[in-house]
Every structure is written in C-alpha cells, then in structure tokens.
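*Asks:* Sequence:
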Amino acid sequence: LDVVISEPFFSASLFPWHNIHFWYAVTSIRRHVNKDIKVLPQGGTLRAMAVEFKDLWKYHAPVGVVEGFDVSHFDHLIQGSKSANEMMDGHHDNCIALEPHHVWEYPCKPLTQPFDIAHFDFRQPIPEEKIRNEKLVDFTSPRKEFRGVAVPVVMPDDGGAVYTGRSGASSNAG
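Going by this note's numbering, the first residue of the sequence shown is number 138, and it counts up by one from there.
Think of the hints as simulated: they come from the structure by calculation, not from any bench. Computed from a predicted structure; not experimentally measured. Hints are supplied without guarantee of correctness; some may be wrong.
[To be verified] Computed list of lysine-lysine pairs in BS3-like fashion (alpha-carbon distance at most 30 Å, straight line): (1) Lys267 to Lys175; (2) Lys246 to Lys195; (3) Lys272 to Lys191; (4) Lys267 to Lys246; (5) Lys172 to Lys267; (6) Lys191 to Lys246.
[As the list claims (entries may be wrong)] Restraint-style ranges between C-beta atoms, simulated for each label pair: (7) Trp194 to Val140: 43 to 51 Å; (8) Asp192 to His155: 21 to 29 Å; (9) Asp173 to Val203: 26 to 34 Å.
By construction, the Cβ of each residue, glycine as well, lies at the ideal position given by its N, Cα and C atoms.
Based on the sequences and whatever the hints tell you, model everything.
*Replies:* Okay, structure coming up:
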C-alpha cells in the first residue's frame, strides 16, 4: 500500500471535527503497512468564525400542531434535549453550549474573520500527548447580534481546499 486517498467524512459525525477520525484510521493503517505511505488529504485545519444567524431560533421553536398532526411530544423531547445540553455545558463558567446540527442550513452573516483553532498533519502519526491550543478572540460586535460560532474543518488539496461548511465567504441574513 503506497497511497491512502479519502474524503474524510463519516456518516456518524455530528460535529465537523469528528471527521478528523480519518487521522486515527491512517495512523492505524501505518502500523501494518509502509510507514511512508502518501496521504490525501495531507492535513486539516479546524477553523471558526463568529456569526449572526437569521433563523437559528427556529431550531428549538415548538411546532405544536401542523397539518392536523400533533407533534407536541416531539416539542417536549427537543426542549428536554436543549435543557440537558445547557445543564451539561453550564457547569463551568467557561463552557460553550455545542449542539450538533448543521448551522450552514441557516442564512448567516460573519461577524469576525475566520480564525484557526488547530492544525492537523495527517502525514504524521497522531501525537501521543494531547493536542492543546488556546486563543483569545474578541466576539464583541457593535450590533450585538452575535449568535454563535460556526466551526468548519478545512482540508486542503492540490487544487484548493475542501470545506465542511458553507462554501461562500458569507451569506446575507437579510
């Protein structure tokens, strides 16, 4: 085996960084074959950007009765999930509530420039020590419309990059 080519996507992925499981798979393969195999993509960058979402509130909005179907039981399930997530993430002052849904389905406007959180080199084995990065980012906005942080993974290839999020620079929320 000389080359591993993949689109690092796993159907069980909820968050963009779950697709970095590809790195674990490649590291595992290396134990059994040529350690100098070529890997594509060669790496990835976990990136983030503060955004204003137009209709993200609808994600948790109760539906009630629609077209004669009572889906209020589903409304209670969603509210319970939201409350449980807020309780888990709210135990520490520095926690951010993360919810696994595809925010790119909602129109949004960037409030900050994209910034890198972490870089991963798939050509190298996974380091034995934890990868830790810290970055201080100012999320204040004069419009005070900050609604969340979109976190895509960017995987460069020879002809550009593969994004796990919205492909354009921005989307108009108006």
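*Asks:* Are the hints correct? Go through all of them and say.
*Replies:* Hints, verified against the model:
Taking the CA atoms of lysine 267 and lysine 175, the gap is about 24 Å. The hint holds against a cut of 30 Å. Proposed proximity of lysine 246 and lysine 195 is supported: the alpha carbons are some 17 Å apart, at most 30 Å. Between lysine 272 and lysine 191 the alpha-carbon distance is near 27 Å, which keeps this suggested pair within the 30 Å criterion. Of the supplied pair hints, the one linking lysine 267 and lysine 246 is violated, its CA atoms being roughly 33 Å apart against a limit of 30 Å.
Annotation: proposed proximity of lysine 172 to lysine 267 holds, straight-line Cα distance about 22 Å (limit 30 Å). With a C-alpha separation of about 8 Å, the suggested pair lysine 191 and lysine 246 falls inside the 30 Å cut-off, and the hint holds. The given range of 43 to 51 Å is respected by tryptophan 194 and valine 140, whose C-beta atoms sit roughly 46 Å from each other. In this structure the supplied range 21 to 29 Å holds for aspartate 192 paired with histidine 155, their Cβ-Cβ distance being about 25 Å.
Separated by about 57 Å at the C-beta atoms, aspartate 173 and valine 203 break the suggested range of 26 to 34 Å.
Hint compliance for this structure: hints 4 and 9 are not met, and every other hint is.
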